[in-house]
Amino acid sequence: DIQMTQSPSTLSASVGDRVTISCRASQSISSWLAWYQQKPGKAPNLLIYKASSLESGVPSRFSGSGSGTEFTLTISSLQPDDFATYYCQHYNSYPLTFGGGTKVEIK
Amino acid sequence: EVQLVESGGGLVQPGGSLRLSCAASGFTFSDHYMDWVRQAPGKGLEWVARIRKKGNSYSTEYAASVKGRFTISRDDSKNSLYLQMDSLKSEDTAVYYCVRAAVVVPAAFDYWGQGTLVTVSS
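Chains as they are written, first to last, in our numbering: chain A, 644 to 750; chain B, 7 to 128.
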């Protein structure tokens with residue numbers, strides 16, 4: 644099974660900050676990586692697919708990069724609506740697996 | 007508008023069974039692979055099962071933690087997805103989400119239902 648490791652697990656930041664979340668796969672997944680945002684009590688929402696493609700309707704302050712085993716989600720200027728938990732997920736092979744999540748908190 | 011609406015969750019005793027349903031609307035259901043993803047209280051996301059479309063013989067995949075106990079199925083004539091859960095364990099307690107995979111595979115999960123809570127407890 645491919646293990647997905649996110650860091651950090653918690654991140655404290657202020658509105659306007661540039662935020663970077665890392666995701667590492669235990670083996671190469673090419674670019675078959677997605678990023679999701681989840682707010683408390685709600686279902687996750689797709690932000691990025693194929694490592695760097697922005698899902699329709701998602702603000703352009705979100706971007707993704709990487710390939711192989713190292714990936715990054717960047718929020719260029721953190722907004723109040725962005726305080727949430729973020730998950731990476733590979734869809735290269737079965738089982739599909741998620742990272743443990745990164746909670747972005749208000750500093 | 008794409009909608010995925012789960013139902014069938016509730017309280018069940020260990021060893022019991024439960025069947026979840028997901029009603030889909032707003033898109034051509036038969037064109038998509040469909041999945042179930044769960045989230046235990048206060049925990050992260052765990053993929054549970056996938057069913058492919060008719061052109062892929064409705065083939066299925068399961069997480070090791072549920073293989074042999076859970077069965078995913080679909081009825082394209084009713085735009086519905088199902089998850090039959092047998093021999094339930096306390097560790098199956100979670101919110102279960104019905105999820106659509108984007109039409110071009112390999113695919114990320116582009117739409118999620120609101121989830122239905124399954125509690126396994128005596």
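Incorrect hints may appear among the rest.
Claimed, not checked - Computed from the model, here is a short list of chain A residues facing chain B with C-beta under 7 Å:
| hint | residue |
| --- | --- |
| 1 | A686 |
| 2 | V701 |
| 3 | F705 |
| 4 | G711 |
| 5 | F726 |
| 6 | P738 |
| 7 | L739 |
| 8 | F741 |
| 9 | G743 |
Stated by the list, open to error - Derived, one-sided and incomplete: chain A residues facing chain B with beta-carbon distance under 10 Å:
| hint | residue |
| --- | --- |
| 10 | D644 |
| 11 | W675 |
| 12 | L676 |
| 13 | E698 |
Note that these hints are calculated values from the structure, not bench results. All C-beta atoms in this analysis are idealised placements derived from N, C-alpha and C, irrespective of residue type, glycine included.
Structure-based check of all given hints:
{"no.": "1", "hint": "A686", "verdict": "4 Å, holds"}
{"no.": "2", "hint": "V701", "verdict": "11 Å, violated"}
{"no.": "3", "hint": "F705", "verdict": "14 Å, violated"}
{"no.": "4", "hint": "G711", "verdict": "16 Å, violated"}
{"no.": "5", "hint": "F726", "verdict": "18 Å, violated"}
{"no.": "6", "hint": "P738", "verdict": "5 Å, holds"}
{"no.": "7", "hint": "L739", "verdict": "4 Å, holds"}
{"no.": "8", "hint": "F741", "verdict": "4 Å, holds"}
{"no.": "9", "hint": "G743", "verdict": "5 Å, holds"}
{"no.": "10", "hint": "D644", "verdict": "8 Å, holds"}
{"no.": "11", "hint": "W675", "verdict": "5 Å, holds"}
{"no.": "12", "hint": "L676", "verdict": "8 Å, holds"}
{"no.": "13", "hint": "E698", "verdict": "7 Å, holds"}
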